[in-house]
Amino acid sequence: MFKFIIRRLLILIPMVLIVVTLTWGLIRLAPGNFYTGEKRLPPAIEKNIRAKYGLDQPWYVQYGRMIGNVLRGDFGDSLTYPGQSVNSILARTLPVSATLGILAYLLALIVGVTTGTIAALRQNSKYDYASMAIAMLGISLPNFVLGPLLVLVFSLSLYWLPPARWGTFPSVNIILPVITLSAIYMAYIARLTRAGMLEVLRADYVRTARAKGLNERQVVFRHVLRGGLLPVVSFTGPALAILITGTVVVERIFALPGLGNYFINANFARDEPLIIGIVAFISIIILIFNLLVDIAYGFIDPRIRY
Amino acid sequence: MNEERPVSDRETSGTEPAVTPLGTPPEPPVRPRAGDILHTSPELAVGEGDVRGAEGGDDEILAGTSLWKDAWKRLLRNKLAVFGMVVVGFIILASLLGPPIIRWTTGYTYDFIPPDTALNKAFAPFQDPQGNFSWTHPMGTDAAGRDLLARVLIGGRISLMVGIISTIVSLIIGVTYGATAGYLGGKVDAVLMRIVDVLYSLPYMMIIIVLLAFFGGRSPMGQLVLLFIALGAVSWLTMARIVRGQVISLKNQEFVLAARATGVSTAKIIFKHLVPNALGPVIVYATLTIPSVMLQEAFLSFLGLGVQAPLASWGSLASEGIQNIAIFPWQLIFPGVTMALTLFSLNFLGDGLRDALDPQMRKF
Amino acid sequence: MSHNGNLLSVKDLRTYFQTEDGTVRAVDGISFDLERGETLGIVGESGSGKSVTNLSIIRLIPEPPGKIVSGEVVFEGQDILALAPDEVRKIRGNDIAMIFQDPMTSLNPFMRISKQLMEITQLHRGYSKDQAYEHAVKMLEMVGIPEARSRVDSYPHEFSGGMRQRVMIAMALSCEPKLLIADEPTTALDVTIQAQILELIKKLREETGTSVILITHDLGVVAGMTDHIIVMYAGKVFEQAPTRELFATPGNPYTKGLLKSVPDPAHEAGTELYQIPGLPPDVAHLPPEQCPFAPRCYRAEDICRRQFPPFVQLNAEHFSLCHFAEEVFAQSRDERAAREAAREETPQGIADAPQIDAAGGSTQTQGEGSR
Numbered sequence: 000m001f002k003f004i005i006r007r008l009l010i011l012i013p014m015v016l017i018v019v020t021l022t023w024g025l026i027r028l029a030p031g032n033f034y035t036g037e038k039r040l041p042p043a044i045e046k047n048i049r050a051k052y053g054l055d056q057p058w059y060v061q062y063g064r065m066i067g068n069v070l071r072g073d074f075g076d077s078l079t080y081p082g083q084s085v086n087s088i089l090a091r092t093l094p095v096s097a098t099l100g101i102l103a104y105l106l107a108l109i110v111g112v113t114t115g116t117i118a119a120l121r122q123n124s125k126y127d128y129a130s131m132a133i134a135m136l137g138i139s140l141p142n143f144v145l146g147p148l149l150v151l152v153f154s155l156s157l158y159w160l161p162p163a164r165w166g167t168f169p170s171v172n173i174i175l176p177v178i179t180l181s182a183i184y185m186a187y188i189a190r191l192t193r194a195g196m197l198e199v200l201r202a203d204y205v206r207t208a209r210a211k212g213l214n215e216r217q218v219v220f221r222h223v224l225r226g227g228l229l230p231v232v233s234f235t236g237p238a239l240a241i242l243i244t245g246t247v248v249v250e251r252i253f254a255l256p257g258l259g260n261y262f263i264n265a266n267f268a269r270d271e272p273l274i275i276g277i278v279a280f281i282s283i284i285i286l287i288f289n290l291l292v293d294i295a296y297g298f299i300d301p302r303i304r305y
Numbered sequence: 000m001n002e003e004r005p006v007s008d009r010e011t012s013g014t015e016p017a018v019t020p021l022g023t024p025p026e027p028p029v030r031p032r033a034g035d036i037l038h039t040s041p042e043l044a045v046g047e048g049d050v051r052g053a054e055g056g057d058d059e060i061l062a063g064t065s066l067w068k069d070a071w072k073r074l075l076r077n078k079l080a081v082f083g084m085v086v087v088g089f090i091i092l093a094s095l096l097g098p099p100i101i102r103w104t105t106g107y108t109y110d111f112i113p114p115d116t117a118l119n120k121a122f123a124p125f126q127d128p129q130g131n132f133s134w135t136h137p138m139g140t141d142a143a144g145r146d147l148l149a150r151v152l153i154g155g156r157i158s159l160m161v162g163i164i165s166t167i168v169s170l171i172i173g174v175t176y177g178a179t180a181g182y183l184g185g186k187v188d189a190v191l192m193r194i195v196d197v198l199y200s201l202p203y204m205m206i207i208i209v210l211l212a213f214f215g216g217r218s219p220m221g222q223l224v225l226l227f228i229a230l231g232a233v234s235w236l237t238m239a240r241i242v243r244g245q246v247i248s249l250k251n252q253e254f255v256l257a258a259r260a261t262g263v264s265t266a267k268i269i270f271k272h273l274v275p276n277a278l279g280p281v282i283v284y285a286t287l288t289i290p291s292v293m294l295q296e297a298f299l300s301f302l303g304l305g306v307q308a309p310l311a312s313w314g315s316l317a318s319e320g321i322q323n324i325a326i327f328p329w330q331l332i333f334p335g336v337t338m339a340l341t342l343f344s345l346n347f348l349g350d351g352l353r354d355a356l357d358p359q360m361r362k363f
Numbered sequence: 000m001s002h003n004g005n006l007l008s009v010k011d012l013r014t015y016f017q018t019e020d021g022t023v024r025a026v027d028g029i030s031f032d033l034e035r036g037e038t039l040g041i042v043g044e045s046g047s048g049k050s051v052t053n054l055s056i057i058r059l060i061p062e063p064p065g066k067i068v069s070g071e072v073v074f075e076g077q078d079i080l081a082l083a084p085d086e087v088r089k090i091r092g093n094d095i096a097m098i099f100q101d102p103m104t105s106l107n108p109f110m111r112i113s114k115q116l117m118e119i120t121q122l123h124r125g126y127s128k129d130q131a132y133e134h135a136v137k138m139l140e141m142v143g144i145p146e147a148r149s150r151v152d153s154y155p156h157e158f159s160g161g162m163r164q165r166v167m168i169a170m171a172l173s174c175e176p177k178l179l180i181a182d183e184p185t186t187a188l189d190v191t192i193q194a195q196i197l198e199l200i201k202k203l204r205e206e207t208g209t210s211v212i213l214i215t216h217d218l219g220v221v222a223g224m225t226d227h228i229i230v231m232y233a234g235k236v237f238e239q240a241p242t243r244e245l246f247a248t249p250g251n252p253y254t255k256g257l258l259k260s261v262p263d264p265a266h267e268a269g270t271e272l273y274q275i276p277g278l279p280p281d282v283a284h285l286p287p288e289q290c291p292f293a294p295r296c297y298r299a300e301d302i303c304r305r306q307f308p309p310f311v312q313l314n315a316e317h318f319s320l321c322h323f324a325e326e327v328f329a330q331s332r333d334e335r336a337a338r339e340a341a342r343e344e345t346p347q348g349i350a351d352a353p354q355i356d357a358a359g360g361s362t363q364t365q366g367e368g369s370r
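Protein chains in written order, with numbering that gives the first Met the number 0: chain A, 0 to 305; chain B, 0 to 363; chain C, 0 to 370.
These aren't lab readings, by the way, just hints derived from the structure by calculation.
Note that the coordinates shown come from a computational prediction; the quantities given were computed from them, not determined experimentally.
One should not assume that every hint holds.
[As the list claims (entries may be wrong)] Some residues of chain C that are not near chain A, with every Cβ distance over 12 Å (derived):
#1 155
#2 174
#3 242
[As the list claims (entries may be wrong)] For the chain A half of the interface with chain C, some residues (derived, Cβ under 10 Å), not all of them:
#4 2
#5 6
#6 198
#7 201
#8 202
#9 204
#10 211
#11 222
#12 229
#13 295
#14 299
#15 301
#16 302
Cβ atoms here follow ideal geometry from the backbone N, Cα and C, with glycine treated the same way.
Please work from the sequences and hints to get the whole structure.
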């Protein structure tokens, strides 16, 4: 187990470097520059800017410097937010995105697992059909449609909730963004839970448990749940990766000052240090999270040995 | 009782999972990947762990035609799948035939901006500029006065095209890659699948965003091609895994051995014998990939990185609609609901196909 | 058949499954009695309804699609089918225990063996954790797992198939049940392990006095184990007799076919093993007005395809479902007499040579010789 963790952590570094290199390569291969925009600058000014950002040096020097920055964990200053370091922007935006993401995933877990479990236990009942139809809707309804619709109904028509702006943390402002972000995971987790539970409910060892004389509740809690939830556990790793794309959309709809919003702006503004910084940072989070999920998996399923 | 020696002290090395007493390694953790959120649990449905065992396999290969006929019958019995099929068929027809019909009846096209300069150019559904009932714009118009129905239908064309072509791209890559890995096996397989594992854990959506932001926006057609390639290139991983699993289970069966013994070339065995037999799960997964890719396209278009005006996709229409949500909510609702309905139907169809092709569900 | 001292009495049990192909009459009117301490074998091909019969006894049929349509399962004087679910659960695992076919999948892979064993005594006997743990170790020792104390906390995957089946047996016997139902307990195991497990069940049965129902498709398994045998086909009892008599003088063409298709070590090399022609029937599509075995039967005549056969009593404890039961039975007796005559005349060894019987296939001396 220990060896496995060390090895995964060692693989993590080259993988982040690959992602960063790919991103950097794309940025550099693209025609144009962050400072040119539509118009051409006078040559003297352009020369100054190039010198200031080191763009007059050969590409491998620039690449080396970028990699050095990533390895040091210091991504330099943002180009579009003058005077702000990328690290300070990360530190400011991460809490917003993390709060949003964690709350949304927790909500999705609670609702999804409960719904899926009940649906599996009452397979082919009306409840099962209804909840799975709603889950399918949740999977099919894009969050950029759902979010505005929620705003339309709850903010603009019913005036129950504010059309969110980010406020201090315990605030009703985040209810709509969290629900919007959470919907698709809820649906997905409900389906995964149901499928996983049904699979286990059919398993021989559940029949054994019943033959022992355990009641249905004991059978489900002691014997079914653990195996039935394994797909949900392994979904948690990749879910984080999608959660990030999801937050991008939700942060844009609700104009939240999160990582995703900054990432899109950085792309439009061609803010290379900020793009590299966010990509590297997110890659590390995703890889570490995947590792944590694998470790958790090993604990839950004794058959898996690393 | 010597032969019943415990296996607890069996050596386990590295990430290799412990081998069970029967000699079959436990299945690897089911590992969906980022893009799969939109598939209705495809890994559970047709993942490696679920490839048809040797048991029913022989019969199915021998009785190929009746397998497909049976599956078709089962599919028709599934009301939701039939509903999905009908809706998808209707939307495909409408998006192909609709725009010319609208042009013929009302004279509007998706990119026609009326020349009059009335201040309020967005009409509500079934209203003319004077606010009276009119059939001219059943879905109203967008902020520039373009007919929304025509735009939604053209958007459907683009969205479906992106979905289907990107899925075909992913199919070509995934099937070739997976079949090669599964058939050659051994070290080649190990290396190829290791690469897939690595690719799985990359935040590929961010890289696509960078790609589109820096290379996109040059011409509408160029943008579309970029979308096909980008989305196809990231959607093939799961397909490769599924095909590999299928091929491994099939390749040791007699008809393949027979082909090999008579000197048929490796490429021919892969494409003539293995791929056709692995088709069921591939079809199911491809059906589920289409809505997934469509959603990703919509997501990119929503961020302003996808299809460029005057062309439209459901994502870009929704994105425009959100700007005016307080005043003209239908500009979001119509494209949004049409898209949701299509994805909903495609997902149900995919689910139905999976149930129809899944031999385990046959009895009881 | 004596009804005194019956532990279990099954009367006209019918369990049907609703499938998309129609109603499958998996068990269709089964009746039998089981005395205390007796061992009953239920034999049949896969799909004959033998497993469903026994799952019905402790009401473990998945509903839907299954449903126990009618019948009585009287266990110690009370009808299990009429009990409330809670009361059935008190019987399950406590009075009636089951061992399933596949030990690889019948134990919970996520739970330590100890916990799975403790669960049952904590539930039915109210043992404390420590008591239950000690009991679990004791049970593992009893079923012959070496170093039980150090192995009891293992996970199932750390045990081999035979060991897991021992664990299943230990689990089943934990509460000293009055009835043990063993559903194909050896089918998934290697041949050498099969013998060990059967020996173990036999030994434990003698030690504890438990009644046993042994379900199998393999006549060789029941031969040395059981007192009575029921042969099932297509959800019906085809023949019912004391073990010795069934092997020696079968009264049903189907049983005869089964007996002939058992490989015998003494079987002469080069002769073909008999095989019942055709496949087990599709129970969903059986016409009710004919003998279900008729299409595969060597003795079938017109009447077999027109009329459902009667359940004929051949002697006190021997029943057969066949239009020609008496005739087949008489023929079997003649054959036995011929065999015995041959054995007296010829030296040992040649007597075991295959003989040609009325069906025209080669046969071998099964029966008493194998026990």
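The hints, checked one at a time:
A cut-off of 12 Å between C-beta atoms contradicts the statement that residue 155 of chain C is not in contact with chain A; the least separation is 8 Å. With a cut of 12 Å on Cβ distances, residue 174 of chain C falls inside the contact zone with chain A, its closest approach being about 9 Å. Every beta carbon of chain A lies more than 12 Å from that of residue 242 of chain C, the smallest distance being close to 26 Å; the non-interface claim holds. A distance limit of 10 Å between C-beta atoms decides the matter here; for residue 2 of chain A the minimum to chain C is near 21 Å, and the interface restraint is violated.
Annotation: residue 6 of chain A was flagged as interfacial toward chain C, and the flag is violated, the nearest CB pair being 24 Å apart, outside 10 Å. For residue 198 of chain A, the interface hint is violated, the least distance from its beta-carbon to any beta-carbon of chain C being 12 Å, above 10 Å. Of the supplied interface hints, the one on residue 201 of chain A holds, with its beta-carbon coming within about 8 Å of a beta-carbon of chain C, less than 10 Å. Hint status for residue 202 of chain A: holds, given a least beta-carbon distance of 7 Å to chain C, under 10 Å.
Hint status for residue 204 of chain A: holds, given a least beta-carbon distance of 4 Å to chain C, under 10 Å. About 4 Å separates the beta-carbon of residue 211 of chain A from the nearest beta-carbon of chain C, less than 10 Å, and the hint is met. At a threshold of 10 Å, the smallest CB-CB gap from residue 222 of chain A to chain C is about 5 Å, leaving the interface hint in force. For residue 229 of chain A, the shortest C-beta to C-beta distance to chain C is roughly 9 Å, which falls under 10 Å, so the interface hint holds.
A cut of 10 Å between beta carbons decides the hint on residue 295 of chain A: the least distance to chain C is about 13 Å, and the hint is violated. For residue 299 of chain A, the shortest C-beta to C-beta distance to chain C is roughly 7 Å, which falls under 10 Å, so the interface hint holds. Hint on residue 301 of chain A holds. Least Cβ distance to chain C is approximately 4 Å, under the 10 Å limit. A least Cβ separation of about 5 Å between residue 302 of chain A and chain C falls short of the 10 Å threshold, and the interface hint therefore holds.
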